[in-house]
Amino acid sequence: MPTTFQEYFKEAGGLKNGPATDRARAVALLGTAFTNLRLDLTEFAKAAKLIDQLAALPDELPGIRRVKVLLAGERNTSHMGLAIRTALTAVGTLVELREAPLGAWRQTLLEALERKSPWAPDIIMLDPWGPDIPGPPLSASAGETSAFAIRTAAGLRAYQDVALTIGARLFLHTACGLPHGLTGPLERTLPAAPARFRETLNAALADSLPSHVSLVDTAAAAESCGLRQWYDERYRFHGKFPFGPTCLDAYARAVLATYRAVCGPIPKVLVLDLDNTLWGGVVGDDGLEGIKLGPETAEGDAHHAFCRYVLDLRERGVLLAVCSKNEVSLAREVFEHHPHMPIKWPQFAAVRCNWQDKAANLRELAQELNVGLDSLVFVDDNPVERVLVRAALPSVTVVELPPDPSRYIRALDDLKLFVATRLTGEDLERSALYERRREFEHQKQEATDVGAFLTGLGMKASFAPARLEDLPRLAQLEAKTNQFNLTTRRFSETELRGLLDDEASWVFAGHLSDDLGHHGLVTSVVARVDSDTLQIVSWLMSCRVFSRTLEHFVINLLVQHAANQGLTHLSATHFPTAKNALLSTTLSELGFERQETIDGATTWRLAVTSPSRRTYVSVNPADQAQCGTLATSRR
Amino acid sequence: MNPDITTLVASALDISPDTLSPDSGPANVPEWDSLAHVTVITAAEKAYGVELTVKEMLSVQSIAKLRQVVEAKRG
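First to last, the sequence lines map onto chains A and B. Using the working numbering, the first residue of the first sequence is number 1, and each one after it goes up by one. Using the working numbering, the first residue of the second sequence is number 636, and each one after it goes up by one.
Wrong hints could be hidden among the right ones.
No more than 25 Å apart at the CA atoms, straight line, and that leaves these computed lysine-lysine pairs for PhoX-like [said to hold, decoys possible]:
hint	chain 1	residue 1	chain 2	residue 2
1	B	K700	A	K10
2	A	K444	B	K681
3	B	K681	A	K49
4	A	K240	A	K344
5	A	K292	A	K240
6	A	K16	A	K68
7	A	K16	A	K49
8	B	K700	A	K480
9	A	K444	B	K690
Derived DEER-like restraints, expressed as beta-carbon distance ranges [said to hold, decoys possible]:
hint	chain 1	residue 1	chain 2	residue 2	range
10	A	V328	B	D639	57 to 67 Å
11	B	T642	A	T165	49 to 59 Å
12	B	P638	A	L311	26 to 36 Å
13	A	R489	B	D639	31 to 41 Å
14	A	L110	B	G684	22 to 32 Å
15	B	P638	A	S329	24 to 34 Å
To be clear, the hints were calculated from the coordinates, so they are not data collected in a lab. Beta carbons: idealized from backbone N, C-alpha and C, even for Gly.
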């Protein structure tokens, strides 16, 4: 495995003229280089040149997504273009980039609107801010400043609409702070002082975001670099660059964070080693009192801060798991009795404390949590374990932890793995939902008769046309579901909104609850009427609720819906991927009959006259009215 | 001076050092565009531990001139 950029670059360069699999590997190598290293301007330039060569060939590369990016900025964006191309290789994306000419981004966007070029961008990156951002007079009140900021944000609306019209997403850059103190404390107290105005402006942008627009938080990147470092004024004057070349890596990571949050893939589980990762020392040797955790030592304080960071991630919907070579009783004691351990034992969704190899443990963890191996992020201080896991399970993300625990948070945070643009109710509840699921699996193991067990769960569900407030969660299901996903064609929130208004299309959302609690919005169907058939275009189900006959419940209602509409059949087209093979079995069990297979996609058909499927899920009485009127009312 | 300045420029421009001479600069090397100019300057600043002024940045129109500016700064 290469370690320096030069080694990665040489290996990737050697593959650029090879077959598609070689070129896909070249993209992946550049992505790993960006992930594990901190690149400088020269290295970004080399990587971007190679990416352009790889993107120039039009053929499909296995596992690689191609994206057209239009970079539009008020100032010289050429170094930003290098960073964008390089950063997105970290998520297997090959960028074809075009830049609006300096000083002409408005014209370029309006030309895109008039479709003067057949080249249609998928993403528009917009940094509309010049070195001086016009603000209110210094004497303006807080209210006047806020109104000014709202007007400035509204001034960008026309360009946001360009993206909407041409079907692109807009990545809008936030306005960065200022490096100079001027009058010192007064700049904090005056609402209209430029530094404060920029904060107000960013808040106004954030408060008025349409669903196709996301923020690239350049202001946060600038702060994390230090504003003096960010604005190396020499480059402002020398080349009209908005920020200096030494901050390019920080900018690239801000872009990656937004892109991954919007387009995925986003991992789900943080798998943690214990000794020397969550605390200093080895609990088996040093004992509960001997490990370093908490304010008594610098090292212990660093580990404590890392535990708190991990808990912050959990609060945002990331599942935590343990994979440690330890006696489970000793490990558990730390979480139950150490005065400075902020994480509690039940907050882990799954635990593997044993002496078998970590790759085997990670496979088991993925199985237990019902997620793919690529949903796992593995954190371990031991480089040997990391090498072993990388070799055995290349799809697991392995974090390169530095030797110093005070840098652990930075190492994990810089990877921009657990990113998001929205927080849904399901995110806030997820860990609790997994605790319920663990309870469910436990009861299932104890029950001898599956039917009796499922009956005993008291499952109630609603399945009805989606409402506007369901859209964020529906889009999230589209982005995150890999296993129970018929086509892996992923609808965005904007597309789903369009489908709600489309007369020939139906979007359904299903909520499940049982005696253990609410599971939330866990299944969705997008269907389209085509002559006598209701075509299922997308069908998703959260892996938490597999094997409960909810799929039977859904199809029964869809059949009833189709019959009420005077249709004779349901159809579903399954595009098999590495992960969604279970749908083939499921469709067959549901009574669908296999039709033709074209280009790997298999069509299945079901007559509405087919006998209904056995389900242990009953209609939620609270939603009965809604389900009953499924056929007549749309929302 | 270590590394050799021609090698450094060649590496920053991602071209072979054999194609460069002391007279090579933005005017006669196609790869040496305005962004590459910044790349060359930041690479030289990093390698030799110096900081060029905006005026010096503009004055560096050849490898020979870059060498002269850097050597003057290093004393």
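Each hint, compared with the structure:
| no. | hint | result |
| --- | --- | --- |
| 1 | B:K700 x A:K10 | 31 Å, violated |
| 2 | A:K444 x B:K681 | 63 Å, violated |
| 3 | B:K681 x A:K49 | 22 Å, holds |
| 4 | A:K240 x A:K344 | 52 Å, violated |
| 5 | A:K292 x A:K240 | 49 Å, violated |
| 6 | A:K16 x A:K68 | 20 Å, holds |
| 7 | A:K16 x A:K49 | 11 Å, holds |
| 8 | B:K700 x A:K480 | 55 Å, violated |
| 9 | A:K444 x B:K690 | 75 Å, violated |
| 10 | A:V328 x B:D639: 57 to 67 Å | 59 Å, holds |
| 11 | B:T642 x A:T165: 49 to 59 Å | 50 Å, holds |
| 12 | B:P638 x A:L311: 26 to 36 Å | 47 Å, violated |
| 13 | A:R489 x B:D639: 31 to 41 Å | 54 Å, violated |
| 14 | A:L110 x B:G684: 22 to 32 Å | 47 Å, violated |
| 15 | B:P638 x A:S329: 24 to 34 Å | 57 Å, violated |
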